[in-house]
Amino acid sequence: MKRPLQALLLVVSALGLLHATVFTDLYLRYVKEGMRPLLIASGALLLVLGAAEAWSLRKPTAPDRDRGHDHDDEHPGHGHGHDHSAPPRIAWLLLLPALSLLFYAPPAIGAYSASREAPKAVEVKDQDAFDPLPATSPLPMTLTDFTTRVQQDRTKAIAGREVLMTGFATPDGSGDGWYLTRSIFSCCAADTQFVKVRAHGTPAPPADTWVTVTGTWHADGTLGTGSADVALDVRTIKKVPRPTNGYTDALLPGAG
Amino acid sequence: MQKTDEPAEGAAVRAPHAEAADAHAPASAAGPEDAAEHSWPRHWPLLLLGAAVVPGAVLFLVGRGLEEPAVQAWRTVCLSIAVQALPFLLLGTALSGAINAFVPARVFNRLLPRNPALAVPVAGAAGVVLPGCECASVPVANSLIRRGVDPAAAFAFLLSAPAVNPIVLVATAVAFPGSPEMVLARLLASLLTAASMGWLWLWLGRAEWLKPAPRHTGHHGGRSRWTEFRLGFQHDFLHAGGFLVVGAMAAATFNVVVPRSVLDTFADSPWLSVLFLAGLAILLSVCSEADAFVAASLSGFSPLARLTFMVVGPMVDLKLIALQTGTFGRAFALRFSAATVVVAILASALVGGVLL
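Going down the list, the protein sequences come from chains A and B.
For reference, each letter of the first sequence is one residue, going 1 to 256 in the numbering used here.
For reference, each letter of the second sequence is one residue, going 1001 to 1356 in the numbering used here.
Everything labelled a hint here was simulated from the structure, so no lab data went into it.
Since we're looking at a predicted model, the values are computed, not measured.
Please note: incorrect hints may appear among the correct ones.
What the hints assert, rightly or not - For the chain A half of the interface with chain B, some residues (derived, Cβ under 8 Å), not all of them:
(1) Q6
(2) L93
(3) A129
(4) S186
Every residue gets a Cβ at the ideal spot worked out from N, C-alpha and C, and that includes glycine.
Let the hints inform the model, and build the full structure from the sequences given.
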């Protein structure tokens, strides 16, 4: 690989990273918010490396220009003394993620994966940890909270309560209903897991549409035990924009 | 585009795609270069333009196909693995470049016991100091070997660093609340595997399996140490980065093709589930800081099987095999990974059987 191309590759990678972090929020589709400083630092470092490489090529007398032979590229990685300058051509693959970030960023993980995965197992909660529910109605809840209340809270505080939840729609091929879904990951989008609440009573919105729904527990099974169906009889449904960080199961700010 | 641009442009596109098919494909990359003293290719502005424009155009043309949700999911997973690992890869390659350029070989001789059999566990325990993903440890281990550290000790470090560092242990404790024995079992089983593999290398390992790559031989006269550092860093990053993308692609393919819900069918048989989760750890290629959460979510499996998942994962996975192939050569990567899987499963079974 020619050295100007190495400089180019470094700079394009840097631009991809910086584009996804500094100028846009694209990185939130793939990794956690906490990665932002690391990614910006990586982008800056790559930019400096690329610039340094380009700069060193401008000076014909630079001491590191020790490549006398032109055939380096024919033998990548096969003992040519100390030639730092010939990484194998596989390095070109770095262009794919970089250009992808720059020009054609894929969307966040959504309904396609959610429809193929079982819902995330919800942590078993201590009975004492169930505080009385606030009196507001409709009551804003996360999908995880709803699942826990339905399947574990023996006081059945959720019975008859109208709740308000937000998530994206995952169609269910098998028949009636669809899934209100939130995706959660702990490291990057590759380990995404899904929390799902089955929704009854409205036609399914198109896949990946973000909606806020209100409704009550869809009575099926014994409330407060594992047999209870994690499902909702939807009363109202409203389209909402995708939250910036869709990979959490949190209440929407402002949505109350 | 004018007609005259086409050859150079075509060449610029062929290069990355040829890579995907075969890393050893003959060169069609940069076109003939004149033997002039400056190394800028004659057509480089065109190459630049081609590199910027043509992949976009190709993507646009096959855009309909790329809108398929499965392809989108594949691209998302692939990109997220690459983006997540990149800072750690940079950290590792910077560290390895710095070790090459700034740390004299005698430092390692002083720190490590002279006897390789003793150096192995010491190096394994030293893995605690590198708080990063497994991507960082491959280049660092490589630079240790190049600075004269016994390969056996370097491999013990390579295996233990991603598995026993404080970040990973804390993540494990968070993922398994109320079971500190899981953290302890992970620490012990990982150290045991790392040390065993080091000793195994002393016993059976052959130097010729390692790719001869004496590229970095420390500081030379005539170059500044900073230039040495920069070039080593750059070379290692570009090299390992390409293999990281290969690994991410492989992991994404598995991730999209096999839904996780299929896995639960294996949860019933105790021995099968251990082997199965070991295989899953290799295929999923989750980074070591996150694998505890994935393991915790595999709730249908026994604690022993989940421990195996967490011991094997940071030591062998698709992304690591790709990185090791690039760094140490294929002959090494295949033998070493296969042996590591076996040793890691045995170590997990042993430690897990006692502790869990």
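Quick rundown of the hints versus the structure:
| no. | hint | in the structure |
| --- | --- | --- |
| 1 | Q6 | 6 Å, holds |
| 2 | L93 | 4 Å, holds |
| 3 | A129 | 13 Å, violated |
| 4 | S186 | 4 Å, holds |
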